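Q: Chain by chain, the residues:
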Amino acid sequence: MKQIVVLSGKGGTGKTTLAAALAQLASKEGRVALVDADVDAANLELIVSPVKLEQHQFTSGRVAEIDEVRCRLCGRCEGRCRFGALVRLVDERRVLYRIEPTDCEGCSACFHACVHGAIRMKDRLAGEWFKSQSRFGQLFHARLYPAQENSGKLVTLIRQAARQAAAEAEGEYIIIDGPPGVGCPVMAASTGVDVAVMVTEPTVSGIHDLQRVLDVAGHFSVPAVVVINKHDLNPVRTEEIKRLCASRDIEVAGLIPYDEAVPRAMTRGLTVLDDGNERLSSAVAEVWTACRRRLEG
Amino acid sequence: MIITVASGKGGTGKTTVATALALAAAARARPVYLLDCDVEEPNAHLFVNPAIESERAVGILTPVVDAEKCDGCRHCAEVCSFNAIAAYGRTVLVFNELCHGCGNCSNLCPTGAIREELRPTGSVERGWAGGVKAADGWAGGTGAIHFIRGTLNVGEAMAVPVIREVKKEARDAPRGALVIIDAPPGTSCPTVECLKGADYALLVTEPTPFGLHDLKLAVEVARDQLGRRVGVIINRDGLGDGRTEDYCRGEGIPVLMKIPHDRRIAVAYSDGIPLTEALDGYTEKFRALLERLATEVGR
Amino acid sequence: MIIAVSALDGGLEAPFHRSFGRSPVFVVIDTETMNHRSLANPGAAAGGGAGIRAAQTILDEKVEALISGDVGPNAYAVLQAAHLPVYIFSGGTVRQAVEAFRSGRLSRADQATGPARGGIGGGMGTGVGRGRGRRGRS
Numbered sequence: 001m002k003q004i005v006v007l008s009g010k011g012g013t014g015k016t017t018l019a020a021a022l023a024q025l026a027s028k029e030g031r032v033a034l035v036d037a038d039v040d041a042a043n044l045e046l047i048v049s050p051v052k053l054e055q056h057q058f059t060s061g062r063v064a065e066i067d068e069v070r071c072r073l074c075g076r077c078e079g080r081c082r083f084g085a086l087v088r089l090v091d092e093r094r095v096l097y098r099i100e101p102t103d104c105e106g107c108s109a110c111f112h113a114c115v116h117g118a119i120r121m122k123d124r125l126a127g128e129w130f131k132s133q134s135r136f137g138q139l140f141h142a143r144l145y146p147a148q149e150n151s152g153k154l155v156t157l158i159r160q161a162a163r164q165a166a167a168e169a170e171g172e173y174i175i176i177d178g179p180p181g182v183g184c185p186v187m188a189a190s191t192g193v194d195v196a197v198m199v200t201e202p203t204v205s206g207i208h209d210l211q212r213v214l215d216v217a218g219h220f221s222v223p224a225v226v227v228i229n230k231h232d233l234n235p236v237r238t239e240e241i242k243r244l245c246a247s248r249d250i251e252v253a254g255l256i257p258y259d260e261a262v263p264r265a266m267t268r269g270l271t272v273l274d275d276g277n278e279r280l281s282s283a284v285a286e287v288w289t290a291c292r293r294r295l296e297g
Numbered sequence: 298m299i300i301t302v303a304s305g306k307g308g309t310g311k312t313t314v315a316t317a318l319a320l321a322a323a324a325r326a327r328p329v330y331l332l333d334c335d336v337e338e339p340n341a342h343l344f345v346n347p348a349i350e351s352e353r354a355v356g357i358l359t360p361v362v363d364a365e366k367c368d369g370c371r372h373c374a375e376v377c378s379f380n381a382i383a384a385y386g387r388t389v390l391v392f393n394e395l396c397h398g399c400g401n402c403s404n405l406c407p408t409g410a411i412r413e414e415l416r417p418t419g420s421v422e423r424g425w426a427g428g429v430k431a432a433d434g435w436a437g438g439t440g441a442i443h444f445i446r447g448t449l450n451v452g453e454a455m456a457v458p459v460i461r462e463v464k465k466e467a468r469d470a471p472r473g474a475l476v477i478i479d480a481p482p483g484t485s486c487p488t489v490e491c492l493k494g495a496d497y498a499l500l501v502t503e504p505t506p507f508g509l510h511d512l513k514l515a516v517e518v519a520r521d522q523l524g525r526r527v528g529v530i531i532n533r534d535g536l537g538d539g540r541t542e543d544y545c546r547g548e549g550i551p552v553l554m555k556i557p558h559d560r561r562i563a564v565a566y567s568d569g570i571p572l573t574e575a576l577d578g579y580t581e582k583f584r585a586l587l588e589r590l591a592t593e594v595g596r
Numbered sequence: 597m598i599i600a601v602s603a604l605d606g607g608l609e610a611p612f613h614r615s616f617g618r619s620p621v622f623v624v625i626d627t628e629t630m631n632h633r634s635l636a637n638p639g640a641a642a643g644g645g646a647g648i649r650a651a652q653t654i655l656d657e658k659v660e661a662l663i664s665g666d667v668g669p670n671a672y673a674v675l676q677a678a679h680l681p682v683y684i685f686s687g688g689t690v691r692q693a694v695e696a697f698r699s700g701r702l703s704r705a706d707q708a709t710g711p712a713r714g715g716i717g718g719g720m721g722t723g724v725g726r727g728r729g730r731r732g733r734s
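Residue numbers (this note's numbering), protein chains in the order written: chain P, 1 to 297; chain A, 298 to 596; chain D, 597 to 734.
Rather than coming from a laboratory, the hints here were simulated on the basis of the structure. Model, not experiment: these values are computed from the prediction. Note that the Cβ used here is the ideal one computed from N, Cα and C, for glycine as well. Incorrect hints may appear among the rest.
To be verified - Where chain A lies over chain D, by a calculated footprint (3+ residues, C-beta under 8 Å):
#, stretch
1, 644-653
2, 667-681
Claimed, not checked - The list that follows gives simulated cross-link-like pairs (lysine-lysine, BS3-like), each with its CA atoms no further than 27 Å apart:
#, chain 1, residue 1, chain 2, residue 2
3, A, 366, D, 658
4, A, 493, A, 555
5, P, 131, A, 513
6, A, 464, A, 493
7, A, 513, A, 464
8, P, 122, A, 582
9, A, 582, A, 513
10, A, 555, A, 582
11, P, 52, A, 513
12, A, 555, A, 513
13, A, 493, A, 513
14, P, 52, P, 28
Unchecked claim - Residues from chain D that keep clear of chain A, each with C-beta distances beyond 12 Å, as calculated:
#, residue
15, 598
16, 606
17, 607
18, 629
19, 634
20, 636
21, 686
22, 688
23, 689
24, 703
25, 704
Let's have the full structure, built from the sequences with the hints guiding it.
A: Below, the structure is given as structure tokens:
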């Protein structure tokens, strides 16, 4: 079983678009499981037509809560909280302490500080995850509730579920649509994969961010290849990326042209291969060929 | 007035809008602060070319155990909510990357064996973009932007502490200053930290299904959970369809600007040219936008 | 000898659980009498640092050896600090793991056997501080 993650550093370079197309090509050669690891803003479902099979709650960390009956308003909790989560509400009749869930990190400092037993720690329901059937294989995706800590735990969870399902069904490929950035969720999406496909664009932002995400891949010893999306938008910067990759001994696995067909396909809920665009289809096929070479060699 | 530029989806044009706003506003008398809070991938500097004057390391207060004073009670391991401490006998192991800096272990150690040290996880830089720094310390002249950028070190987990430090730097902004926050994509903690305390949340989207899907999440956080005023900027207008505008209309969310899908803009962006310089008319458009927001917010 | 085995369930007939940090249960067995008891692993429900929590739990039980499968770098660092030997098993039941251990068929781990998992800083360095709270390696 081989795992491929699609990353970028910068948002909006075309990870989901490419991940869906790679999954489509892979599904013609073997069983595929898909993972949408961008749990903050999961978009893969918009083009692979999933039907939900299972739904699970995701709890992560804890959140503090004040029992107003027991609270004696001593303020020890406020004195200890480093995250500004203790709110002191004053109106003409009384003073009240409340914990703001979006600020609370669940550290329990207030719980330990309270001598009146007025604070309890509750498990935090932070999101949900799903196992769905998509047209290319089973899709493991999630919804992290807004304003939650995106620690990567949810990403790890859906990757484990995908690995388990793939093992049981003797699947060949797991294609992971990665999140933007370089933080925890990116690391959780990358550990143990066989190849990371970095989608970049020939822009100053894209190049800046590519270097940081390549650093992350390097730290994790994950082999990376680079795909330059919208390469014809700025040929000079495209050459800059090629030189950058050469200096880091990284293969440029494909060049995808800037084409209106891409957003058009997305708007219709299709992959770029469904659309039948020759230029795009052959560009993506080249990327898949390069991936396969990596996976075999 | 504090304006946070956010979005659900990445790559919609937050930095494009944030830098254009800052540049359009900078040519007036009001002090302008541009805070790049996308600390995992800060990009604003590529468009406003700041001169950085100072840099400081920021981080998380992590425990340091004095083995002499430790009596092996293991209370530190018990009270850590993040499993960042393990103890065996009088050996205490601290796992820095899990530490949130809450202070429990240090505060609750019965023998006072734990002190805290700042572990650097990133940096905050401060400088100027465009114009001249006046003698009284802030930009009275035209074109000057107070530029503050936060960067999270590669390999570090927690963006929020770095973002907090960036925002702290702007606390010296005088009343009447314009503070523009360039937020990271998404709707989790780092974005929330950027939206807290903002007078207005400017949500940048593209009129595609991905853009709309993620815009709805952003609205849920900014407007419903955090109670911010929200307005939308549709970037790459003409690229997708009308569902995004229909959604905004249905929700009563103002579409404050539509930036057309234009290859010239894309090419200029690719070379680090801000929107206000790429095409005519945008400086005026963004100034008008700021005036509208100032009226609505009452600042 | 008192040993612990990571398991899916309680009791000697329970299936062995390969992943240490998030193993649902630990079965603690006296290898001479085969008396045993089972306890829930708090690491299984942990947000981050599951392996660390699991390892701390094992140390608190005062066992003399651990039988498991994938033990990540953080968990391994904790167990190593206590010089607790870790033996690697796969497949089968808790009873079979104990038997394999008693007959000397299990090999001892000399380093972490599982990948750094989880989102928080996995694999970027463990804080083997010896009381100094610093990173031992990065």
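Q: Given the hint that residue 555(A) pairs with residue 582(A), does the C-alpha gap stay at or below 27 Å?
A: 10 Å, holds
Q: The output says residue 688(D) does not contact chain A. Does that hold with a beta carbon cutoff of 12 Å?
A: Its Cβ never comes within 12 Å of chain A, the nearest being 29 Å, so this holds.
Q: Does the claim that residue 606(D) lies outside the interface with chain A hold up, using a Cβ gap greater than 12 Å?
A: 23 Å, holds
Q: Does residue 686(D) really sit off the interface, with its C-beta more than 12 Å from all C-beta atoms of chain A?
A: For residue 686(D), whose nearest Cβ neighbour in chain A is about 26 Å away, the distance exceeds 12 Å, so it holds.
Q: Are the Cα positions of residue 131(P) and residue 513(A) separated by 27 Å at most?
A: The hint holds at about 23 Å.
Q: Hey, is residue 703(D) genuinely clear of chain A, shortest beta carbon separation above 12 Å?
A: Non-interface label on residue 703(D) holds, nearest chain A Cβ at 24 Å vs cutoff 12 Å.
Q: Evaluate the condition: distance from the CB of residue 636(D) to the nearest CB of chain A exceeds 12 Å.
A: 16 Å, holds
Q: Residue 493(A) and residue 555(A): Cα distance at most 27 Å?
A: Satisfied, since the Cα-Cα distance of roughly 26 Å is no more than 27 Å.
Q: Just to be careful, I want the Cα atoms of residue 555(A) and residue 513(A) compared with a cutoff of 27 Å; is the pair within it?
A: 18 Å, holds
Q: Quick one, are residue 582(A) and residue 513(A) close enough, alpha carbons at most 27 Å?
A: Since the Cα atoms of residue 582(A) and residue 513(A) sit roughly 25 Å apart, the hinted pair holds (cutoff 27 Å).
Q: Compute the least Cβ-Cβ separation between residue 634(D) and chain A, then decide whether it is above 12 Å.
A: Given a closest Cβ separation of 22 Å, the condition holds.
Q: Against chain A, does residue 689(D) keep a CB gap of more than 12 Å to every residue?
A: 29 Å, holds
In the structure shown, a violation is registered for the earlier hint numbered 8 alone.
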